[in-house]
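Participant: Using my numbering, read the sequence shown as starting at 39 and increasing by one per residue.
It should be emphasised that the hints constitute simulated quantities derived from the structure, not laboratory data. Any given hint might turn out to be false.
Under the rule of at most 27 Å between Cα atoms (straight-line distance), these lysine-lysine pairs were calculated in the DSS-like manner [as the list claims (entries may be wrong)]: (1) K278 with K291; (2) K278 with K348; (3) K291 with K275; (4) K95 with K346; (5) K86 with K190; (6) K291 with K190; (7) K275 with K190; (8) K95 with K343; (9) K278 with K190; (10) K86 with K186; (11) K86 with K348; (12) K275 with K348; (13) K86 with K275; (14) K275 with K186; (15) K141 with K285; (16) K294 with K95; (17) K275 with K285.
If you're wondering where the values come from, they're calculated on a predicted model, not measured in any experiment.
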Amino acid sequence: MSQHPFGNPPPLGDANFSAFFGVPPAPEQDPSMLNYRGHALHHTFDLKSRLAISREKPMIGQFFAAFPYPNVARMIGQAGYDYVLLDWEHTPFGPETIVELIKTIQYAGEGRTAVIVRVPSLDHQYAAWDAGASGIVFPHISTVEQAKQAIKFCRFPPVGNRSGPPNAMQFGFNDGAANGGGVFEIWNRAAILLQIEDEEGANNAEELAALEEVDGLMLGPGDLAFSLGLGFADIGKDAKWLECTNKVFTAAKNHKKASMMPGMTSQQIGMNLENGVTMVFASNDSMIMAQGLRNELVSAHEQLKAWKDKKTAE
39 MSQHPFGNPP PLGDANFSAF FGVPPAPEQD PSMLNYRGHA LHHTFDLKSR
89 LAISREKPMI GQFFAAFPYP NVARMIGQAG YDYVLLDWEH TPFGPETIVE
139 LIKTIQYAGE GRTAVIVRVP SLDHQYAAWD AGASGIVFPH ISTVEQAKQA
189 IKFCRFPPVG NRSGPPNAMQ FGFNDGAANG GGVFEIWNRA AILLQIEDEE
239 GANNAEELAA LEEVDGLMLG PGDLAFSLGL GFADIGKDAK WLECTNKVFT
289 AAKNHKKASM MPGMTSQQIG MNLENGVTMV FASNDSMIMA QGLRNELVSA
339 HEQLKAWKDK KTAE
């Protein structure tokens, strides 16, 4: 894709203050998500096109679930990630919150960060789509029939039966797209990802990845382990778990689809990339909070000990 037409937005932080507080500048995106942002910041991203090249150009994301507040969303939007996965499955969001968080991230990042929403079930996707999500993750997909039902809910006729939302964008007011396109062109750029979390889904991964409207497969490592009668300690070690995981990632690769798996820290990214994950997670908001609180406390105690040692020596 050619260079984005939006000029060069200002940097996401003042370099002098960043250096003073030990915050590194955001690395350049490869390619810039500005190439895929909507024609207005409230529009969905062309995430289908970005996911289509994620095998050559992996994406780095942030898992956002623990602190569903606009001020946190604003910071995440300004951090510089390619995408944010907003987890509605395990966090009690309401539709109004979904709208506010998506818009806050898109506005704060000035079109650098797309928002993907993991919905609780098939009857929640309308709210996420209408709120402006650039992608939807459907959890617990095991069969082609379930996947086709999800697709049916996501696409407008004749592909599916999604209802046209009259107020998500005001027709003829803020729904413009390039070359005379409108709301349906904008909405159809959003991506569909299926989350596989059991052996049945892994066995059907080839058929799921082959579906034309599916843009990627997500592996749920914890629930996959639980479905196999395993625990967290078995993740990445148990032969059956590894076999199922390989089926999912191989299917995504065979059909040139994106692949995603949650990660708790950035230390897992290298391993995940080697295993075929094309959409990696640097961390999640709760882990960042936990690490930051404890690391700063440890640093404070180290400095306190040094001060005490110095006093004793005197």
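Participant: Are the hints correct? Go through all of them and say.
Facilitator: Status of each hint after checking the structure:
1. For the hint linking K278 to K291, the alpha-carbon distance of about 20 Å falls within 27 Å, and the restraint holds.
2. For the hint linking K278 to K348, the alpha-carbon distance of about 56 Å lies beyond 27 Å, and the restraint is violated.
3. The straight-line distance between the Cα atoms of K291 and K275 is roughly 22 Å, inside the 27 Å bound, and the hint therefore holds.
4. A C-alpha spacing of about 51 Å is found between K95 and K346, which places the hinted pair above 27 Å, so the restraint is violated.
5. Between K86 and K190 the CA atoms are separated by roughly 17 Å; this keeps the pair inside 27 Å, and the hint holds.
6. For the hint pairing K291 with K190, the CA-to-CA distance comes to about 24 Å; that is within 27 Å, so the pair holds.
7. The straight-line distance between the Cα atoms of K275 and K190 is roughly 37 Å, outside the 27 Å bound, and the hint therefore fails.
8. With a CA separation close to 46 Å, the supplied pair K95 and K343 exceeds the 27 Å bound.
9. Between K278 and K190 the CA atoms are separated by roughly 32 Å; this puts the pair beyond 27 Å, and the hint is violated.
10. Distance restraint check for K86 and K186: the Cα-Cα separation of roughly 18 Å lies within the 27 Å cut-off, and the hinted pair is therefore satisfied.
11. Simply put, K86 and K348 have alpha-carbon atoms about 60 Å apart, too far for the 27 Å limit, and the pair is violated.
12. Among the hinted pairs, K275 with K348 is inconsistent with the structure: their alpha-carbon atoms are about 47 Å apart, more than 27 Å.
13. For a cut-off of 27 Å, the pair hint linking K86 to K275 is broken: about 33 Å separates their Cα positions.
14. Only pairs whose Cα atoms come within 27 Å are accepted, and K275 paired with K186 is rejected, the gap being roughly 32 Å.
15. For the hint linking K141 to K285, the alpha-carbon distance of about 36 Å lies beyond 27 Å, and the restraint is violated.
16. Using a Cα cut-off of 27 Å, the hinted pair K294 and K95 holds, with the two alpha carbons roughly 13 Å apart.
17. With a C-alpha separation of about 16 Å, the suggested pair K275 and K285 falls inside the 27 Å cut-off, and the hint holds.
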